[in-house]
Amino acid sequence: KAGVTQTPRYLIKTRGQQVTLSCSPISGHRSVSWYQQTPGQGLQFLFEYFSETQRNKGNFPGRFSGRQFSNSRSEMNVSTLELGDSALYLCASSLDQGGYNEQFFGPGTRLTVL
Amino acid sequence: SQQGEEDPQALSIQEGENATMNCSYKTSINNLQWYRQNSGRGLVHLILIRSNEREKHSGRLRVTLDTSKKSSSLLITASRAADTASYFCATDERGNTPLVFGKGTRLSVIA
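The listed protein sequences derive, respectively, from chains A and B.
Just so we're aligned: 1 in this note's numbering is position 1 of the first sequence, and the numbers increase by one with no gaps anywhere.
Just so we're aligned: 14 in this note's numbering is position 14 of the second sequence, and the numbers increase by one with no gaps anywhere.
Treat each hint with caution, since some may be false.
[Claimed, not checked] Simulated crosslink set (DSBU-like; lysine-lysine; CA at most 30 angstroms straight-line):
hint, chain 1, residue 1, chain 2, residue 2
1, B, Lys56, A, Lys1
2, B, Lys69, A, Lys57
3, B, Lys69, B, Lys56
4, A, Lys57, A, Lys13
[What the hints assert, rightly or not] Sample of chain B residues with no beta-carbon within 12 angstroms of chain A, all distances over it, derived:
hint, residue
5, Gly16
6, Asn22
7, Leu75
8, Asp92
9, Gly102
10, Ile110
It is worth saying that the hints were derived from the structure and are not from the lab.
Here a beta-carbon is modelled for each residue, glycine too, at the ideal position from N, C-alpha and C.
Okay, chain A solo, but in the shape it has when bound (with noise of 0.2 angstroms):
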């Protein structure tokens, strides 16, 4: 089975710009999480989406949105991009719900914000 995948690998953007990352995870898993790793804040949870719902929802401002498709692929957005924004994207797919089973994570789209 193909592993997670996560597109871009690398993004630079300038500060007030938008981003779309996308995650398509691994065949038969309806559950998708995000998270955001900082050398501060280490993994913060995002969001985690299972069949097209949004399931949970992390403490980060509204300008950090995000959905699932019905196969399964999920994307998120940032709107009006600040420097601390600057971080390594993860998503993480799983069979069911997010914490009760093991994750399978993507190797994250690194994000850089001038």
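Following the hints, complete the assembly by docking chain B onto the known chain A.
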């Protein structure tokens, strides 16, 4: 918010030695998981231990869970240079909650 907290933050050992990392958490949990991350890459799942289990093994890995102390430990035996990575514990609180990660332990295994 951080649920799990790993200790130590960094650990440096010689190849062949054992490495022990600890994780403490705050609330009741369904399960606790350990992940490894090689520099700047995605995380790899190592082991999952349910709240009703006390010990689990997988190859050179041994995980223990003490729910009364709200703590877990990960032991890597006969470490190798390839074990050099950051190790994270993650927990899900009881109920429909997402996985919450600690800040990790950076392990360096010197050949």
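Status of each hint after checking the structure:
1. Lys56/B with Lys1/A: holds (26 angstroms)
2. Lys69/B with Lys57/A: holds (29 angstroms)
3. Lys69/B with Lys56/B: holds (17 angstroms)
4. Lys57/A with Lys13/A: holds (25 angstroms)
5. Gly16: holds (29 angstroms)
6. Asn22: It holds; Asn22/B is separated from chain A by about 16 angstroms at its closest Cβ, greater than 12 angstroms.
7. Leu75: holds (19 angstroms)
8. Asp92: violated (3 angstroms)
9. Gly102: violated (7 angstroms)
10. Ile110: holds (23 angstroms)
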